[in-house]
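**Q** Sequence:
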Amino acid sequence: MYNILVVDDEYFSREGLKSIIKEELKENVQVLEAENGIDAKNIVNEYDIDIIFLDLNIPGINGINLCRYIKSKIIDSNIVVTTACDDLSIKNIVIDLNINKYFVKPVRPQKIRSIIRKILNNKNKITRQKYYESYISKLKKHIINNSYKESINIIKEYLEILSNNGSEQFIKEDLSKFFEGIENICKSQNIYSDKDISSKIDLINKDYYNCFLRKNLINELTIIINHIFDSMLKNEYTTNNYVKETLNYIERNINKNITLDDASNYVNLSPHYLSKIFKKETGVNFITYLTDRRIEIAKEMLEDENIPISNIAIELSYSKSNYFSKVFKKKVGITPSEYRESHLNKSENYIKSV
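Heads up: the sequence shown begins at 1 in the working numbering, then just goes up one per residue.
Quick caveat, the hints were computed from the structure, so don't treat them as lab data. The structure displayed is predicted, hence computed values, not measured ones. Among the hints, a few may not be true.
[Claimed, not checked] Calculated lysine-lysine pairs in the DSS-like style (CA-CA distance at most 27 Å, straight line):
1. Lys141 x Lys177
2. Lys125 x Lys73
3. Lys123 x Lys177
4. Lys123 x Lys91
5. Lys187 x Lys177
6. Lys18 x Lys156
7. Lys177 x Lys156
8. Lys18 x Lys111
9. Lys256 x Lys279
10. Lys130 x Lys156
11. Lys149 x Lys130
12. Lys71 x Lys18
13. Lys177 x Lys138
14. Lys73 x Lys101
15. Lys18 x Lys125
16. Lys123 x Lys71
Can you make the complete structure from the sequences, with help from the hints?
**A** What follows is the structure in structure tokens.
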């Protein structure tokens, strides 16, 4: 929604401008109006104004002084001056103030529409560039920090902004620039060979309309991010750190009902990515490691005959002792009771032999 301010002391001039503006921008505009400089100043202070149509011959604060005030307050303000007097000296003052356009009344509607399009297109271009710089900077930070989930979220946010704030042509242009930014990030960090991702990006660019209309862009970009993070698997130091953090997390929470999702949230990776590097480093998947570690602890606890098996099950986050016994037998080959009895017999035999 754009905010456009019309400042003119003549009622019919204001109404004519308002009509042209609304016809051009439809429901995407809020037209504000002021019949004097003081009211205009108050509106400028209260609203974020995109374009100001300003007649120089207004009461209260004259048009030139109002221009100076607006320019001092809003550096990138967009002011279109209208005047009934074609005075060269006034025109030169207005030019010195870096006003967008100077019109002598009466102004043809087509000229009004044209300047509106020109100003808003330029304003949108600047806004799009700021969005791009912000999001590509965030994405670079998350990739460097190995933050997979944040990288995906940044892409989703950026695509959401593009889809809500631009024509298809603008979206395509911005996406092409975003893809180029992703490639530059990868090149600067030496985290993949050019052909790994470039071919995928070229394919998305060529098949843009298909991708966008089917809402597949997020999936396609996720695949690209997956490629990037897969390349980072080659970095043994990074991989080891994540796996060590995960192993420490398991040890500290072995008595809780933790899952792969919990661990991935803790180390700030996706479950898929964590599962992949975890198995690569340990040789087993997350659940197998967690179960094996619990069984090892259970064996130690079973050596103390004073601890009921039901308590051991609860301590290791098994809500039902029957299920614990089933898992234990599957891993060890005998039930917890049989294991305890076997251990006690070994201890007694050892004592007797001594």
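**Q** Could you run down the list of hints and mark each one as holding or not?
**A** Evaluation of the provided hints:
{"no.": "1", "hint": "Lys141 x Lys177", "result": "holds, 18 Å"}
{"no.": "2", "hint": "Lys125 x Lys73", "result": "holds, 22 Å"}
{"no.": "3", "hint": "Lys123 x Lys177", "result": "holds, 18 Å"}
{"no.": "4", "hint": "Lys123 x Lys91", "result": "holds, 24 Å"}
{"no.": "5", "hint": "Lys187 x Lys177", "result": "holds, 15 Å"}
{"no.": "6", "hint": "Lys18 x Lys156", "result": "violated, 37 Å"}
{"no.": "7", "hint": "Lys177 x Lys156", "result": "holds, 16 Å"}
{"no.": "8", "hint": "Lys18 x Lys111", "result": "holds, 14 Å"}
{"no.": "9", "hint": "Lys256 x Lys279", "result": "holds, 22 Å"}
{"no.": "10", "hint": "Lys130 x Lys156", "result": "holds, 17 Å"}
{"no.": "11", "hint": "Lys149 x Lys130", "result": "holds, 23 Å"}
{"no.": "12", "hint": "Lys71 x Lys18", "result": "holds, 23 Å"}
{"no.": "13", "hint": "Lys177 x Lys138", "result": "holds, 15 Å"}
{"no.": "14", "hint": "Lys73 x Lys101", "result": "holds, 19 Å"}
{"no.": "15", "hint": "Lys18 x Lys125", "result": "holds, 25 Å"}
{"no.": "16", "hint": "Lys123 x Lys71", "result": "holds, 16 Å"}
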